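Participant: Take these sequences, add in the hints, and give me the full structure.
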Amino acid sequence: MTATTETTTTAPEALHAPVIDWFDGCARDLPWRRPEAGAWGVMVSEFMLQQTPVNRVLPVYEQWMTRWPRPANLADEAPGEAVRAWGRLGYPRRALRLHAAAVAIQERHNGDVPRRHAQLLALPGIGEYTAAAVASFAYGQRHPVLDTNVRRVYARAISGTEFPPGATTAAERRIARELLPDDDDTAARWAAASMELGALVCTSRNPSCHACPIAQQCAWRQAGSPAYEGPPRRGQTYAGTDRQVRGRLLAVLREADGPVPQAALDQVWDEPVQRARALDGLVSDGLVEPLADGVYRLPGA
DNA sequence: TAGACGTGGGG
DNA sequence: TCCCCAAGTCT
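For the first sequence, the residue numbers in this note's numbering are 3 to 303.
It is worth saying that the hints were derived from the structure and are not from the lab. From a predicted model like this one, the values you see are computed outputs, not experimental measurements. Not one of these hints is a red herring.
Label pairs and their calculated CB-CB ranges:
| id | residue 1 | residue 2 | range |
| --- | --- | --- | --- |
| 1 | Pro228 | Gly288 | 43 to 49 Å |
| 2 | Tyr230 | Asp282 | 38 to 44 Å |
| 3 | Asp26 | Gln224 | 24 to 30 Å |
| 4 | Arg35 | Ala124 | 24 to 30 Å |
| 5 | Arg118 | Pro71 | 21 to 27 Å |
| 6 | Ala120 | Leu60 | 26 to 32 Å |
| 7 | Ala80 | Arg176 | 43 to 49 Å |
| 8 | Glu64 | Gly260 | 23 to 29 Å |
| 9 | Glu257 | His212 | 44 to 50 Å |
| 10 | Asp268 | Ala169 | 36 to 42 Å |
| 11 | Gly129 | Gly27 | 29 to 35 Å |
Glycine included, each C-beta is placed from N, C-alpha and C at the ideal position.
Facilitator: Have a look at this one:
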């Protein structure tokens, strides 16, 4: 058989050097990439960066690392303090999980962020991506790091499509595995570089192909940059959803010094059934703690 | 395995 | 204005 598969069209080695060289010259100077960040700094940044843009994470990251420079410091706090300090980053369950992860690190790993992928994966709030990212960025290990940026880079450069599938597929994992450099240090470098390429150059909309170090080898460009034909990528409506109500409710709790009476929460949304459902949801998620007499507060705060 | 889960900036 | 999207995880 002489059939050419999509992954053998271009030798992996032909991609590594250009992308890593580009990264060496163009990488952003982000605080969690500096040596002093340590594994804990990398882990905190990864939690915050799950679905939240870098620019919004920056100031909150600095506050967190100043206040809680080690996992033990966060573990000693009430979970509600983590939720409060999370500010407006969104998806506040991440704050709760990061706090829980700090507690687990204290209990199971003597206060040090574990090195092994399986141990990282076992921590709350850490999935396939974050485990690989921490192991790779903090400890220089060799793991396929498949985030939304890398998936888009591979979709274009390797598969020749404008966008990756809705959910990560086995085919994508295979590509990531086959592209992974053999050497640990190069693999870690490649992971960071390919992510950065997706974040800065191979962006979702209006990619800067003129500035791309592998534009000449890009399967999507070679195919004439065909428009995306797959199923419509899910748009997330927000206005009027429980999520919006939850956000407003939690904002009130976050900004209050202490417990808040029901009446104050009632003002954020006029529809009582949805309002009650949202509040119940927050309570069952552990983001809000009901006290006696219809008073609420952030958990343990 | 879809769907839930916040928030705000840019085109 | 409206729509899309941003270093995912969990159920």
